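**Student:** These protein sequences, in sequence, are chains A and B.
If you read the first sequence in the numbering used here, its first letter stands for residue 6, the second for the next number, and so on.
If you read the second sequence in the numbering used here, its first letter stands for residue 45, the second for the next number, and so on.
Simulated from the structure, these hints should not be mistaken for laboratory data.
Don't take each hint at face value.
Computed Cβ-Cβ distance ranges for the label pairs, DEER-style [as the list claims (entries may be wrong)]: (1) A:36 to B:193: 28 to 34 Å; (2) A:34 to B:514: 43 to 49 Å; (3) A:34 to B:65: 15 to 21 Å; (4) B:609 to A:36: 33 to 39 Å.
Some chain B residues near chain A, calculated using beta-carbon distances under 7 Å [as the list claims (entries may be wrong)]: (5) 287; (6) 298; (7) 302; (8) 504; (9) 513; (10) 514; (11) 522; (12) 525.
Predicted, not measured: the structure shown is a model, and the values here were computed from it.
Even for Gly, the Cβ is constructed at its ideal location relative to N, Cα and C.
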Amino acid sequence: MNRPESDRPESDRPELNRPGPNPPDSDHWLTRPGTIRLIWRVFIAVLAATVLAQLLIKIKGYFGVDGWFGFGAAYGFLACLAMVLFAKLLGAVLKRDESYYSERARDD
Amino acid sequence: MTELLSPALILVAGALLTALLRGHLRTVVILVAPLATLWAIWQVPDGVGATLPFLDYRLEPVEGSPLRRLFATVFALMAFAGGLFAFRQARWYELAAAQAYAAGAVGVCFAGDLITLFLYWELMALFSTVIVWSGGTPAARAAGIRYAIMHLFGGVILKVGIEGIVIHTGSIDIQPMLATNFDTWMVLIGILINAAAPPVSAWLSDAYPESSPTGSVFLSAFTTKTAVLALIMLFPGEPVLIGVGLFMVMYGIIYALLENDARRILAYSIVNQVGFMVCAVGIGTQMALNGAAAHAFAHIIYKALLFMSAGVVVYRTGKTKCTDLGGLFRTMPLTTVCGIIGALAISGFPLTSGFTTKNMIAQAAIGESLTVVYFALAAASAGVFLHAGIKFPWFVFFQRDSGLRPKDAPWNMAAAMVLFSALCILIGVFPEVFYRFLPFPVTYEAYTAGKVLFYLQLLLFSGLAFFLLLPLMQRTLTISLDTDWIWRVALHSLAGRSYEGLARAGRFIEARVRAAIGGTIARVQRYLDSPASDRAGRLEIFSRAQPIGSTALWIAVLLTGYVLAYFL
C-alpha cells in the first residue's frame with residue numbers, strides 16, 4: 006500500500022521522468038501553428054456569434070444597462086482588463102523573490 | 045440512545061481503525077466508513093433527537109435539518125472521494141487524520157448547540173494541522189505551525205464569544221443572530237477566521253499548498269465550508285458579510301493572478317469562491333441562502349477536482365510552479381480533461397455545476413436590488429474564469445512545452461477524478477434534481493436563453509482578454525506579500541528585539557540588585573565587624589548566595605526565548 010519512495014515502480018518516480026534532448030511528441034498536432042490559427046479563427050467566430058445571437062435572443066436587463074446589446078461581452082472584457090492591470094500595479098509593490106521568507110528564516 | 049450518536053462518530057471510528065489496521069483491511073475502512081456515514085446522515089430526522097446533560101447545560105449532539113444534511117452529505121462524499129484518491133499514495137497518518145478531520149466537519153453539521161459545535165470545530169483544527177504537516181518538508185512543518193496558531197487563536201475568539209452568549213442569554217442554542225454586541229462579534233470573527241476572511245486570508249494560501257499532493261484535496265473541502273454553514277445558521281442577513289464577501293472575491297482574483305505556484309493559485313481561488321458564499325449569507329434571503337448552500341456543495345466538488353488534478357501533476361512531476369510546468373496534456377490526457385472540467389465548473393460555464401449554483405447568488409442580489417453587489421459579482425465571475433478557469437489549466441497543461449513527459453494518473457486517483465467530474469456535470473445538467481435537497485423551496489430557473497447567452501458573452505470575452513493580455517501575465521519566480529508579512533516578519537523581528545531588550549533589562553536589574561545586596565551585606569558586616577567578612581570573597585561560584593529574583597527573571601527570559609525560538 007504505502008510503499009516508500011524507493012519501492013515505487015521506476016516510472017512513478019519524478020526524477021526519472023526528466024526529458025531527454027528530444028522529448029517524444031514534441032510536435033503534437035495541437036501545438037502546430039496551423040492548428041493554433043484554426044483555433045483562433047473558430048474562437049473569434051464563436052465570440053462574434055455570442056454577440057450577434059443577441060439580435061435573436063433577448064437578454065433581460067435587471068438594472069437597465071445589463072440588457073444593452075453586447076453588454077456582457079464588453080463588461081467581461083473590460084472587467085478582466087481592469088483586474089489584470091490592477092494586479093500588475095499591485096504586483097509592482099507586493100512581489101518579492103520567492104526565497105523572501107526562507108532567507109529571512111536563515112538570517113535569524 | 046442511538047439518537048445521541050452523531051454520524052460523525054462513524055468517521056471517528058474509521059480514523060482510529062485507519063491508524064490501527066494495515067493492508068487491504070485499511071483500504072476497506074477508508075472507503076466504507078464515509079459511505080456508512082453517508083447512510084447514517086440520511087437517517088437523521090429533522091429537529092433535536094435527544095439531549096445530554098453536561099454541567100448545567102443540555103447538549104444536543106444531533107440536530108437534523110435539510111441544510112445540515114446537505115452539508116454533511118457533501119462532506120461524506122468528499123471523505124469518500126478523497127480517500128479513494130489518496131489511499132495508495134498517502135501515508136497512514138495523513139489518511140487517518142483526513143477521516144478525523146471529516147468527522148469534525150460532519151459533527152459541526154449536526155451540532156445542535158454551541159458547545160458541541162465548538163468541540164467538533166477544534167477537532168477539525170487539530171487534524172487539519174496534521175494534514176498540513178504530512179507534507180513532510182521543513183516548509184510544511186513551519187506552515188503547519190503558523191496554521192495551528194491561527195486556528196487555535198480563532199478557536200479562542202470563538203470560545204470567548206460562545207461563553208459571553210451563554211452567560212448573557214443563558215442559551216447555548218444555535219439560532220440566527222446579528223453582530224450587535226461584543227459576544228456576537230467574537231463569534232462572528234471566530235467563524236470568519238476559519239472562512240479565510242480578511243485580514244487573515246493569508247493563512248489559507250500559506251498552508252494548503254505546502255501539504256502533500258493528496259493532503260491539499262482534503263484541506264480544500266472542510267474548514268472554510270463548515271465556516272459557511274456556521275454563518276448560514278448563525279448570521280443569515282448580517283450586512284457586514286456582504287462587504288467582507290466582496291472583498292474576499294476580489295482579493296482571491298488579484299492574488300491568484302500574481303501567483304506562480306499552481307496549487308497556490310487554487311488556494312487563492314478558494315478565498316474567492318468562499319467570498320461569493322459569505323456575500324450570499326450577508327444578503328440573507330431564502331434565495332441567497334439556497335445559493336450559498338448550493339454553491340458550497342458544488343464548490344467542494346469542483347475545487348477538490350481541481351486540487352486532485354494539480355495533485356496528480358505534483359505527484360508525477362514533483363513540480364508545482366507554472367514556470368516549471370506546461371505541455372503536460374500530451375501524456376496526461378485524463379488529468380487534463382478532468383482539470384478542465386473542474387476549471388469550467390468553477391467558472392460557472394453553462395452545463396456545469398458552477399452555472400446552476402453560483403448564479404443563484406447573483407439572482408438573489410437582483411431580488412434585493414443590490415446594484416453594486418450584482419455588478420461586482422458579475423465582474424468577479426469574469427475574473428474567476430480568468431484566474432482559475434483558464435490560467436490554471438493553461439499554465440499547467442498547455443502553454444510552452446516544458447519537456448516533461450509524466451505518466452497519467454494512477455487508477456485510484458483517476459477514478460476519484462472521474463467521479464467528481466461526473467458530479468460537476470450532473471449538477472450542471474440536471475439542476476432541478478439537486479435543487480430538491482436545498483434548505484428552502486426553489487423558485488429559481490437555472491437555464492433561460494437570455495441568461496445562458498449573457499454568461500457566455502461574459503466568460504468567452506474574459507477568455508479573449510486572457511489571451512490578448514498574456515504578455516502581461518508571464519509568470520515570474522516571485523511570491524506576493526500579504527497580511528501574513530505582519531506575523532512572519534514584523535512581529536517576528538519585534539519579538540526578537542523585545543527579547544534583546546528584555547535580556548538587557550535583566551542584566552541591568554541583576555547588576556543593580558547584586559550591587560544593592562552586596563552593599564547591604566558589606567554594611568551589615570562592617571556594622572557587626574564580623575570575622576566572617578574575611579571568608580566572603582573566597583566562596584566558590586556554586587556556594588555564592590544568588591538573589592531569588594535574578595534566578596526567577598532568568599528562568600522567565602529563557603522560557604520566553606525558548607517559546608519564541610520554537611514557534612518562529
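**Student:** Determine for every hint whether it applies to the structure shown.
**Tutor:** Hint check results:
1. A:36 to B:193: 28 to 34 Å: The hinted range 28 to 34 Å is violated for residue 36 of chain A and residue 193 of chain B, with Cβ atoms some 47 Å apart.
2. A:34 to B:514: 43 to 49 Å: 22 Å, violated
3. A:34 to B:65: 15 to 21 Å: Taking Cβ atoms as reference, residue 34 of chain A and residue 65 of chain B lie about 48 Å apart, which means the hint is violated.
4. B:609 to A:36: 33 to 39 Å: 52 Å, violated
5. 287: Hint violated; residue 287 of chain B Cβ to chain A Cβ min 19 Å, cut 7 Å.
6. 298: 5 Å, holds
7. 302: 5 Å, holds
8. 504: Holds, about 6 Å.
9. 513: Holds, because the Cβ-Cβ distance from residue 513 of chain B to chain A comes to roughly 5 Å (cut-off 7 Å).
10. 514: Violated: closest Cβ of chain A sits about 10 Å from residue 514 of chain B, beyond 7 Å.
11. 522: 4 Å, holds
12. 525: At about 5 Å, which falls below the 7 Å cut-off, the nearest Cβ of chain A leaves the hint on residue 525 of chain B intact, so it holds.
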